[in-house]
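**Q** My request is simple: use the sequences and hints to build the entire structure.
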Amino acid sequence: MKYIDEYRDRALIKGLVAKINAESTKPVRLMEVCGSHTMAIQKFGIPALLPEHVELLSGPGCPVCVTDIGYVDHAVALARRSDVILTTFGDMIRVPGSTSTLQSVRGEGAAVQVVYSSMEALKIAENNPDKKVVFLGIGFETTSPTTAAAMQAARNRNIGNFFVLSAHKLMKPAMTALIDDGVKIDGYICPGHVSIVTGTAMYEEISAAYKVGCVVTGFEPVDVLQGIDLLISQFEAGKPGVEIAYKRLVTPAGNTKAWDLMWEVLEPCTANWRGIGDIPESGMAPRETYAEFDAARMIPVEIEAPQEVKGCMCGAVLRGTHRPTACPLFGTRCTPEDPVGACMVSHEGACAAFYRYAG
Amino acid sequence: MCLGVPGKVVELTGETAKVSIGGVMYDAALAIAEDIEIGDYVLMHAGFVLEKISAAEADETLDAIREYTNLKVD
Ligand code: SF4
Chain L
1 MKYIDEYRDR ALIKGLVAKI NAESTKPVRL MEVCGSHTMA IQKFGIPALL PEHVELLSGP
61 GCPVCVTDIG YVDHAVALAR RSDVILTTFG DMIRVPGSTS TLQSVRGEGA AVQVVYSSME
121 ALKIAENNPD KKVVFLGIGF ETTSPTTAAA MQAARNRNIG NFFVLSAHKL MKPAMTALID
181 DGVKIDGYIC PGHVSIVTGT AMYEEISAAY KVGCVVTGFE PVDVLQGIDL LISQFEAGKP
241 GVEIAYKRLV TPAGNTKAWD LMWEVLEPCT ANWRGIGDIP ESGMAPRETY AEFDAARMIP
301 VEIEAPQEVK GCMCGAVLRG THRPTACPLF GTRCTPEDPV GACMVSHEGA CAAFYRYAG
Chain U
360 MCLGVPGKVV ELTGETAKVS IGGVMYDAAL AIAEDIEIGD YVLMHAGFVL EKISAAEADE
420 TLDAIREYTN LKVD
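Going down the list, the sequences are from chains L and U. Throughout the first sequence, residue numbering follows my numbering, covering 1 to 359 in sequence. Throughout the second sequence, residue numbering follows my numbering, covering 360 to 433 in sequence.
Be careful, since some hints might not be right.
Unchecked claim - Here are a few chain U residues that sit away from chain L, every Cβ distance over 12 Å (derived from the structure): (1) L371; (2) K377; (3) D386; (4) E396; (5) I397.
Claimed, not checked - Pairs of lysine to any residue residues, derived as SDA-like cross-links and limited to a Cα-Cα distance of at most 20 Å, are as follows: (6) L:K132 / L:P96; (7) U:K377 / U:E393; (8) L:K257 / U:I395; (9) L:K247 / U:A423; (10) L:K123 / U:G373.
What the hints contain is simulated information worked out from the structure, not anything from laboratory work. For clarity, every value in this text was computed on a predicted model and none was experimentally measured. We treat Cβ as the ideally placed atom computed from N, Cα and C, and that holds for glycine.
**A** Here's what the structure looks like:
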């Protein structure tokens, strides 16, 4: 397919691998912060192509994986109401909450529907005027504008029974929190699709403040290798900076229409990240002006007291300090078919990617 | 869930585009993208057109990689 096959070209891959191996002389730690990168890197077997001293770490960029247990419990409590239809992207329904998953409450008769878009959830609201339709808004700057667009459309079309429970997050606070926390990173493989919306201004700030390379890249092998090559060239030269290895889609200014819409409807709030804890101004919640579409404000529910999943090391995995294989439950008690932690549920979770491709 | 897929816009109807991905048609909302025309290649994400793919930048990147990995054979 166009814009896929060219970026899987064997000759280009070989050329980039040879260049990286020739250039890289010393140990370097690169972190990918996007779940799709984690998946692509494992799927295409990238680590085996690189010198041994190039270490690739998976960061906290899988939105399903970083969603805290209290949010899942909140969604479960909403789904249990008989007047609610809960709509969500597919990956969320198997994520363990404290005592239930959305899948298990659906088995008990709750209305939980998988949608592929916020607009589909809005349509369900339009078709079910006697129900409250709640959409689980999760994801980073790539997805937040799509939630904002549905909320704006709900207002324009007078759909009063559409609500969003937001766990949307911003990428930059997580990237800086990890370094502030002492995780050692020489370069960030920056998320291609988040960057389509954000542009590169936030990486300029991170790179300048922390002297760390930030290279935006895509998800095919040639994209990923080009990104790694640029980061290694920067590192070897001692000149960390911001570059784009995904110019067919990412510009320094970003998609301002999507960005502006996101900020019109949503505003920053403190958010809890699984494994990292509370990070101020890292979440995105509906603004006061959109309060009527905010499930958290408009639909009161009792939420059970959170209980973390016992034995799961997702936290350490998401902070890049441990590999999934370091978890004693990996591949034994915890598998994609029967996941214990969120990192094993989503395809983009580091544990699931390791299990599928590297295990 | 964050999978974004490239496809070709084959039809525009007001607020949505029909996008062909490997011959299969999908509806994608246009609310967060600008200046999309029929024939454009776009990245589709979560039921939305996220951005147009720049053919010129795509070619330039591939050429640049060929050149700096010494693969330039014409
Ligand atoms: S293997 Fe399972 S239990 Fe262990 S960290 Fe990963 S998701 Fe958690």
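**Q** Please write out, lowest number first, the hints stated earlier that are contradicted by the structure.
**A** 3 and 6
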